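Visitor: Using the sequences and the hints given, assemble the complete structure.
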Amino acid sequence: MKPIKIHNQILDTPSSDYLILAGPTAVGKTATVMSLAEEHDIEVVSGDSRQIYKYMDIGTATPEAELLERLPHHLLNELTPDVVWNAADFYQRARQIICEIVDRGNLPVVVGGAGMYLDALRFGLFEEQHKDPAIRQKYQDKVDAGEAEPLWNQLMELDPDYASTFHFNNFKKLMRAFEIYETSGLIPSKAFSNSSDPFEKKGTLVVLDRDRKILYNRINQRVLTMLDLGLVDECQALLDRGYTPDLYPMKTIGYKEVYAFLAGKSNQAEMIASIQQNTRNFAKRQLTWFRNHPYDYWIDLGVDSTV
73 MKPIKIHNQI LDTPSSDYLI LAGPTAVGKT ATVMSLAEEH DIEVVSGDSR QIYKYMDIGT
133 ATPEAELLER LPHHLLNELT PDVVWNAADF YQRARQIICE IVDRGNLPVV VGGAGMYLDA
193 LRFGLFEEQH KDPAIRQKYQ DKVDAGEAEP LWNQLMELDP DYASTFHFNN FKKLMRAFEI
253 YETSGLIPSK AFSNSSDPFE KKGTLVVLDR DRKILYNRIN QRVLTMLDLG LVDECQALLD
313 RGYTPDLYPM KTIGYKEVYA FLAGKSNQAE MIASIQQNTR NFAKRQLTWF RNHPYDYWID
373 LGVDSTV
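Going by our numbering, the first residue of the sequence shown is number 73, and it counts up by one from there.
By construction, these hints were calculated from the structure, which means they are not laboratory data. Because the structure is a prediction, the values reported are computed rather than measured. No incorrect hints appear here.
With a straight-line cut-off of 27 Å between C-alpha atoms, the simulated DSSO-like cross-links for lysine-lysine are:
#1 K262 to K273
#2 K244 to K214
#3 K356 to K77
#4 K323 to K244
#5 K262 to K214
#6 K214 to K323
#7 K328 to K285
#8 K210 to K262
#9 K262 to K356
#10 K77 to K274
#11 K273 to K77
#12 K244 to K203
If you anchor each label on the Cβ, the simulated ranges turn out as follows:
#13 K356 to K323: 16 to 22 Å
#14 E342 to Q81: 36 to 42 Å
#15 Q168 to H79: 26 to 32 Å
#16 K337 to A309: 15 to 21 Å
#17 T255 to R176: 41 to 47 Å
#18 D175 to A217: 47 to 53 Å
#19 W370 to C171: 24 to 30 Å
For every residue, glycine included, the Cβ atom is placed at its ideal position computed from N, Cα and C.
Guide: Shown next, in the form of structure tokens:
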């Protein structure tokens with residue numbers, strides 16, 4: 073990979089085949105990609121766990137049509153919201169796409185804030201470790217007794233990064249998560265990071281960051297912008313298409329709060345405040361994840377306040 077400049081940092085990693093731009097929501101990943109595209113022949117692979125879904129452009133901050141026309145993007149708007157997309161699906165597809173981009177002579181740039189997806193891309197996911205039939209049966213009994221959703225909520229408390237990658241009715245993944253936790257003592261996202269399926273292509277992981285106050289201001293403004301662009305109408309349109317709020321993608325921050333508003337469970341001010349608070353909390357969790365996992369560069373993007 074040729075030397076690349078991001079903000080005030082030069083990335084000189086000639087042995088790398090692709091670049092990962094990670095970081096919390098609203099930090100400025102899209103603007104950074106646009107800047108890179110002016111100097112390099114790049115293709116973008118979305119590392120976002122929600123942009124894969126159709127009809128959810130506003131709430132997932134899917135790049136606008138103008139940018140998509142200028143710059144090739146992959147793993148956007150491919151699935152309907154009633155399909156579950158997870159880290160295993162992502163890393164298999166993303167690895168294939170990255171190899172194809174490299175073969176075309178372009179630089180793959182994976183962009184996203186889903187830490188577990190990005191770890192899966194680089195290190196893979198394991199399936200054979202930490203198995204115990206007795207523990208699996210214990211949770212099978214709980215699922216059979218109708219306790220799947222409470223179990224999923226419990227997992228969300230233990231390991232929100234992993235629990236958020238699947239719906240509670242994915243019983244296999246749910247039971248596997250607790251099997252891993254009880255046999256290894258590790259939350260699944262931590263256990264998966266010890267995978268032995270590394271990607272043959274070498275990547276450079278860059279985490280983008282900003283001063284916390286600036287980041288939170290950007291998040292608050294982004295939420296207002298999404299609402300101005302029609303987030304409530306987008307949510308209503310999903311309902312009109314027959315997609316119910318209990319579907320896995322519809323529980324995304326920004327959507328679940330709007331559905332509470334549409335159901336009369338909150339007023340507009342409460343909805344806005346809730347989306348902003350939940351997004352800020354999510355950004356904090358994202359930064360914690362990246363600090364606790366291997367990265368190559370950590371770049372502060374400075375004081376620019378544009379979203």
